[in-house]
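Now that you have both chains on their own, put them together as the hints suggest.
Taken in order, these protein sequences are the chains called A and B. The first sequence: position 175 = 175 (this note's numbering), numbered continuously. The second sequence: position 159 = 159 (this note's numbering), numbered continuously.
The set of hints was computed from the structure by calculation and includes no laboratory data. Among the hints, erroneous ones may be present.
Unchecked claim - Mimicking SDA-like on lysine to any residue, the simulated pairs with C-alpha atoms at most 25 Å apart in a straight line are:
1) B/11 - A/203
2) B/50 - B/21
3) A/70 - B/119
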Amino acid sequence: MNPAPTTETITVPAGDGGRSIDDLLSNVSASRLATFHQCRLRFWFRYLSGIMKPKPAALHLGSSVHETLKFWNRARWHRQTPSLRDLHDAFSGAWSELREADSPQFEDEEGEKQTGWKLLETYFRESPIPSDERPEAVEVSVEADLTAHGLPKLVGVLDLVRPGGRIVDFKTSGKTPDPEQVTHTTEGQTTGYALLYREATGRAESGIEIHTLVKTKAPKLIVTATPPATDAQVTRLFRGIESYVKGLEREDFVPSPGLQCASCEYFNECRRWS
Amino acid sequence: MAVKLIANYAKRLGLPGYSSHQFSVSVETELQNVTDVAGESARLYESLQKAVDDQMQQTGFVPPDGYGMNGGQANGNGHQAGNEAGISDKQLDLINRIVRENNANKTDIENMAIQMFGGGVRTLNRMQASNLIDELFEKYPRRNGNGGNGNGRGNYQRQPARA
Chain A
1 MNPAPTTETI TVPAGDGGRS IDDLLSNVSA SRLATFHQCR LRFWFRYLSG IMKPKPAALH
61 LGSSVHETLK FWNRARWHRQ TPSLRDLHDA FSGAWSELRE ADSPQFEDEE GEKQTGWKLL
121 ETYFRESPIP SDERPEAVEV SVEADLTAHG LPKLVGVLDL VRPGGRIVDF KTSGKTPDPE
181 QVTHTTEGQT TGYALLYREA TGRAESGIEI HTLVKTKAPK LIVTATPPAT DAQVTRLFRG
241 IESYVKGLER EDFVPSPGLQ CASCEYFNEC RRWS
Chain B
1 MAVKLIANYA KRLGLPGYSS HQFSVSVETE LQNVTDVAGE SARLYESLQK AVDDQMQQTG
61 FVPPDGYGMN GGQANGNGHQ AGNEAGISDK QLDLINRIVR ENNANKTDIE NMAIQMFGGG
121 VRTLNRMQAS NLIDELFEKY PRRNGNGGNG NGRGNYQRQP ARA
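Chain B with its partners taken away, still in its complex shape (with noise of 0.2 Å):
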């Protein structure tokens, strides 16, 4: 009876404007010595790997800055068009103006939406997406002016939850 190995590597990496892109390449093989299926699923994985690693260093399109920011990619809630509770555009444009008037670094953003949540800024859905903005305001409060609330989103409208 024959023995079948199945592998599969995956990889997603972060872009620049808070995009990624990610490929997997699946494998079914024989197996044709059944007592090395560690040395087997070994070198599969390095195979693998190494062509995933080939192919994702061809970025295709990188979407520049402000890239679906100004409501053409959206429905009528202002979601992303196949992901209904995916980051909002409303959101990623608070997130870019908060960017853009601080000149944040955005990779740093894009490190804490992954520290946070565990992804990139565009794989968050949009509660992941709030409390990132959250940690925004934490970090970039308020520059000027007065009139603040206190909790440093005084430069911002987020039309945040009204009791």
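So that you can see chain A by itself, here it is in the shape it has in the complex (with noise of 0.2 Å):
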């Protein structure tokens, strides 16, 4: 068993943000379970410390992004054909409104901006959904109750759901995906949708599309699809998320140095973590 880490030998003062282990076990969601999962002093940093980090400056941007496809995806379920200009002008409404709420931290604000704007340009053009496309559902709010299963509630948010039970999520990256990767990597959520899906319908979902838009020079949409979840990795989730209680029970947050440190936004915290 690790103890719960202190803040006594971190200089950063802890903001009000915290919140306790009891919330947490509530319920999990997919990012939080990936967060915990990924490095266990990043999550107690991110959610239980109570320290506020700015938002960077790629998270601003993909909120923008995923902003304006949502009012892409509602229109559409409005009959709507929203132009060009319209999308535009959704998206400059929704990077000024996070702005404000969201306070990034930009290097070169406005070369971002037309970085997020490319990408969309880049989607509408190539999207596979065609533009008179009803959704089956827009950004919802689902949950599943898996207390039958001894684990808390399952929560999230469906970026899309497609005619016929297809999920989508949208993704922002500044690498062009390896398609196997992004199936493996993002297991944890797809079958979590796929569960939240299934709960909140009663029905199977038909698949699962990842749109990934990437930051690359010439901007390319990347779509991986990938079937409905199996019992299999339905069985690994809950192998995680029953990791996730027993872990948040016992306090353990261990610090797991990798790679992923190097965009860690609690570096310099962990660094003096004790």
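In structure tokens, the structure reads:
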């Protein structure tokens, strides 16, 4: 058993955004699960320490792109066909609103914004989704009761559900993803989405698509399609949630040093942790 | 050899209080004239439609406002009895609350659900109900006070998914 890290050796003052272990045990999301299994100390810093960090520029860009895609998806739902100008206005509006709310750290805000819009232009040009296709759901909050399995409630937000139960998740990335890698690294998330869809509709999903918008010089759209989640994947997810519950109960927050530390926002705090 | 014609007519109609009723009639008949399938099926359609319409004018029990909102109908998870994926009582309660606090017209909400999902509020599954609630928050943003988060949900707490 590992004791919970103390903040005594960390000089960054704690904010008031920390959550309690009981709260974090009452339900679980795919992103929280992924953070926990990537590095438990990062999880502790992010969810329990109360230390607040400014939003990285890349995350701000991704959120603004998400908001614009949500606008596009909702417009199709209401049988509207927004012009490129409308979509650009939606992107600019989202960018400004989120900047106000999150105070992200930019080195070149205008450059980042242009990158975001170029990604969207590429997406609207190359998207496999027909412009008149009506979604089954858009940016929808759903939850799955896993108490029958002795696990907390699974919660999440589905970016888009295409007709026939095809779940779509949008991502932005700096690197061109390898399909097998994407399938592997997002397995917990996609299996979670499948469970959420099944619980909230009473039907099985027909498949899952990851739409990755790649921030290369010439932006790209990579669509990775996977079949419905298998029983083995669901079992694997349950094992992951079980480990999450047990880890939190015994306050096991050991660090996992590795390549991911290069982009960790808590690198300095981690170095001082004991 | 006898040739059979099987016909079914079904109709679902919305009722107040987010309820609906449906009725269908099926018949199986031996086709007298195999060269007049179209004529025979038109006659059956007219006859079945009339039979269904006549019956559906009797609405039977129509739930009053607030019916089933106190948890009496729900199972332990707040789900509708008999339909595990159906709209939950909590979701219905929230929709009713938005309607009440905004003096909204229930028929408008019902029509919104039909336009978005092809069915009335009580026919929605939980995912659809969640998206309908999002739409209602867009249409009826918070009316007063401070401390909102800019997404129009200041007056209502959904206990949304928290990452």
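The hints, checked one at a time:
1. For the proposed pair residue 11 of chain B and residue 203 of chain A, the alpha carbon gap of about 24 Å is at most 25 Å, so the pair holds.
2. A threshold of 25 Å between alpha carbons decides the hint, and for residue 50 of chain B with residue 21 of chain B the separation of about 16 Å falls inside it, so the pair holds.
3. Pair hint residue 70 of chain A plus residue 119 of chain B holds up; C-alpha atoms about 23 Å apart against a cutoff of 25 Å.
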